[in-house]
Amino acid sequence: MRSLVFLCAQKVVSHYATLQDALGFIPKELYPVLFKAAFLDKRTPSLQQLVQTWPFPVLSFQKLLRKCQHCEYPLIREKPNKLCIQAVILGVVTYLIKMLEDRHGTKSKKQRLKVLDMTGLQDEGQGPESMSLWSRTVTLAKACLDVSKQQNKRMKRASKRRKGPYSKSVAVPAPQPVSVDVWVDLFVNSTSYGVLKDALQVNSGNALRLRCRDFRAEELSIASTVGLLEFLDPVGVRQVDLRFNNLGLSGLRVVLPHLAKFTNLASLKLPYSNIDVRRLTVGMEGSLQYFATQLSRLPCLKELNLGSSRLSGKLRQLLGELQNPLESLELAFCYLLPNDFAYLSQSLHTPALKKLDLSGNNLADILLQPFLNLLTEASSTLLHLDIMECRLLDPQLNALLPVLGRLSRLRYLGVFGNPISTTGLKNLLHRTLALLDLQLVIYPYPVDCYADDLPWPPTSSNLLNGSVDEEKFSRVSNELQQMLLSANRADAVWTTNLCRHNSLDYFSL
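Quick note on UniProt numbering: the sequence shown kicks off at 1 and runs consecutively.
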């Protein structure tokens, strides 16, 4: 639903020349609705003009593109349009250069815009018209470098103008500094490392300054990773995500001390870091203890992802020194042992857990009962549970159902990649209907929908690569949907699609 004000705003931004003439007379209270209308309809010239004349100190995507009284459509949940993002960035750059010219010339206008907040934009599944987080990072870094060059040129010209005929300085007051802080999530890899490093190096004195909220780096060397961490302003960083960097325990020993300055760091993700504790040498044992000690020095840490690390039997050593409980713990494909589950069940973390990912651990054998004990301890707080590819057959699922039924606050359940039958899926759906907060279930293709040559018991690889009878599966899918409709649970999404539906982010829990 769109208000009359929003419909009028759409009309105004559709005519760029009219908007230019009218901006001097439009009340500043209408700028937010004009911005959203221009963003929705992809009116990029109007969008850039609105940014250049923005009358408030803050321009926040999260606030401007959310559901509002004039337009219920939450644009912030959509993939960001490339041209619109570029128009906003260009608008800020143009505004800053004009302000710099005024400050170094004869004019001196009061600076209005001081903060551009681009955090919270979606980055899942990019299309030709959208702009990925990587592309936004590169575009912003280049914009910062362009502004820096323009700023230096104007400072040199202003310095020459302040000098008298005999190179004696004339007493002309220095212009007040002009700057806009851009709050943004950054994603860097080896391709974009150079331009981002250059932008961060000029950050402190630049008129366009990057302020990082969430930092993600992939496939970087240890030296490159440390170099970028050193340039980040520590105040606002809430998440560091280092993946596919092949750090190992020795590399983490170098990197982790550089995280201590991020006193507000709430989330640390280190998946695919090549950690393997199963054959520890004396030196590696010391590195593992050093790792644990460094983790304990992060006072605000609430989320930890150690996915695809081989941590067999070492969870107590790794997490035992933490003084505050974790609320999100991702241990996918970590080769966990019963004593790891025993530790977790008795630890300070489990009663506080909101998100738990144990995908890829074999929960069908000796880990089943320890896993059930762990879930029981976390039953009052757990919102998100991932147990994909855990080799759960119908008998193990049936043992799990009573405990699942007690997870009264559960919103997300991932069981994809487990060899479960149609009957098992129907039992799962029936037993979880009472979980009224459960909105998304990622379920597997039932084993009875595969070709007859499926090995038994099937591995995750067998299930992923096996041939599914689409006609059989379509019937099963329709039956599950009918069960949901009959129970008045049409609000719940049951799907086999891993990509179309996002799992819950810790910060949105």
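Hint data in this document are derived by calculation from the structure and do not stem from the laboratory. There's no promise every hint is true.
Unchecked claim - Listed next, with one range per pair, are the computed distances between beta-carbon atoms:
{"id": "1", "residue 1": "Lys110", "residue 2": "Gln346", "range": "34 to 44 Å"}
{"id": "2", "residue 1": "Tyr290", "residue 2": "Lys142", "range": "12 to 22 Å"}
{"id": "3", "residue 1": "Gln323", "residue 2": "Arg2", "range": "20 to 30 Å"}
{"id": "4", "residue 1": "Lys114", "residue 2": "Tyr73", "range": "23 to 33 Å"}
{"id": "5", "residue 1": "Asn152", "residue 2": "Gly313", "range": "32 to 42 Å"}
{"id": "6", "residue 1": "Thr94", "residue 2": "Val235", "range": "44 to 54 Å"}
Claimed, not checked - Calculated cross-link-like contacts (lysine-lysine; reagent style DSS-like; alpha-carbon spacing at most 30 Å):
{"id": "7", "residue 1": "Lys67", "residue 2": "Lys149"}
{"id": "8", "residue 1": "Lys42", "residue 2": "Lys82"}
{"id": "9", "residue 1": "Lys149", "residue 2": "Lys11"}
{"id": "10", "residue 1": "Lys67", "residue 2": "Lys354"}
{"id": "11", "residue 1": "Lys153", "residue 2": "Lys42"}
Note that the coordinates shown come from a computational prediction; the quantities given were computed from them, not determined experimentally. We put the beta carbon where it would ideally sit given N, CA and C, even for glycine.
Check your understanding: Can you list which hints this structure breaks, lowest number first?
Key -> Those not satisfied are hints 1, 2, 3, 5, 6, 7, 9, 11.
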